[in-house]
Amino acid sequence: MKRLVNILGAVLAAALLSAGVAAAASLTFSTGQIAAGSATVTGCTSSALTATRNANNSGNVTQVAVLNVPQACAGETLAVTLENNSHVSLGNSSTTVGACIGGCTVTLTGFGTVSAASVGFYALSLVE
Amino acid sequence: MRAFRITPARLAAGILLGSLSCAGVGYAASLGLVSKSLHAWNQTLTKANCNQSAATADDTFVQQGSPASTAGATATTLTIRPTATLQDYAFIRFDLSGCSLPTTGGADSAVLTVRVTTSGNDTISLFPVTSSWSSSTLSWNGVSGLTIGSTATGSFSASSTGNKTVTVTADVDTAIKAGTLWGWELRATSGTATVAIGASENNTSANRPSMTLSDEN
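Here the protein sequences line up with chains V and S, keeping their order. Per our numbering: the first sequence = residues 6 to 133. Per our numbering: the second sequence = residues -2 to 214.
For the record, the hints were derived by calculation from the structure and aren't laboratory data. Glycine included, every Cβ here is placed at the ideal spot set by N, Cα and C. Treat each hint with caution, since some may be false.
Label pairs and their computed distance ranges (CB to CB) [what the hints assert, rightly or not]:
1) V/Thr110 - S/Gly69: 34 to 44 Å
2) V/Gly80 - S/Gln84: 49 to 59 Å
3) V/Thr110 - S/Ser131: 27 to 37 Å
Here chain V is said to cover these stretches of chain S; the calculated rule only asks that three of the stretch's residues, wherever they fall, bring their Cβ under 8 Å from a Cβ of chain V [to be verified]:
4) 36 to 48
5) 63 to 73
6) 115 to 123
7) 169 to 182
Put together the whole structure using the sequences plus the hints.
Laid out in structure tokens, this is it:
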């Protein structure tokens, strides 16, 4: 019986250790993959594209146009978040970049009621 | 039926299998993350004020009764008259080139102020002009060649003298993106009186048109 307890103890310790290693490995792997994600920036564009917005007579944003989006980005999801000066989101919208030759202007709407005067930043992203 | 006995070896095998299975789930979740590439960036907006005064204004009025004449840069008031066959329209614009705004910029807020110097029972409406004109050449005959919006940006009552304000944010925002602000045509959309507003050449500076502009670029 004492031998059985010893064996079980050893096996449990090994199992817990391996589980711990597995979790650590996953964490390390995830960190590595974020870096790998950055490396794929060159996939469609490595440039910071320029956005411009339209305002209605109430001073609210009606749409955001992202200019000169490369043709290579067609099919990717373009997301725009309107942020205030503290980088707090005021509204966001996303769309799929359509096919266009030589670069195109992608227009996003549906930001809700956002005062143009309160927007300090555009946060933009392209996701494959 | 044969009884299943949990031996130490079987127990150990079970625990190891469970651990490996957990590790497998962890890898699968991680693989899901790598399948997307992300390019993210921020664009910082610069805010400024670029208020306009008579110094950057250009204005005139045209007369149906004198279709070839130009009020040019000499009129000190701009007449607006709704009388059929004798209508007068006023035109006002501002030169925003001193604001150095890129066409990717825009207006956060823009408010036009004019001062009614001769009152009447008219409602004066502003219609956006999007083609070029100059006070030195514009006449009634030239108005038909301009591109003028059919929807009024705003209006005011001219029933009393004094300052009248109209919000023109959308028009100025559009104009910044187009590169030039060509201003507005002011005409009576109701009423029967002949009214007047101060021109940029008015001897009293408070009578002259102005525009507050908060912009971003």
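Okay, the hints, checked on the actual structure:
| no. | hint | verdict |
| --- | --- | --- |
| 1 | V/Thr110 - S/Gly69: 34 to 44 Å | holds, 40 Å |
| 2 | V/Gly80 - S/Gln84: 49 to 59 Å | holds, 55 Å |
| 3 | V/Thr110 - S/Ser131: 27 to 37 Å | holds, 32 Å |
| 4 | 36 to 48 | holds (count 8) |
| 5 | 63 to 73 | violated (count 0) |
| 6 | 115 to 123 | violated (count 0) |
| 7 | 169 to 182 | holds (count 3) |
Hints 5, 6, counting from the list given before, are not met by this structure.
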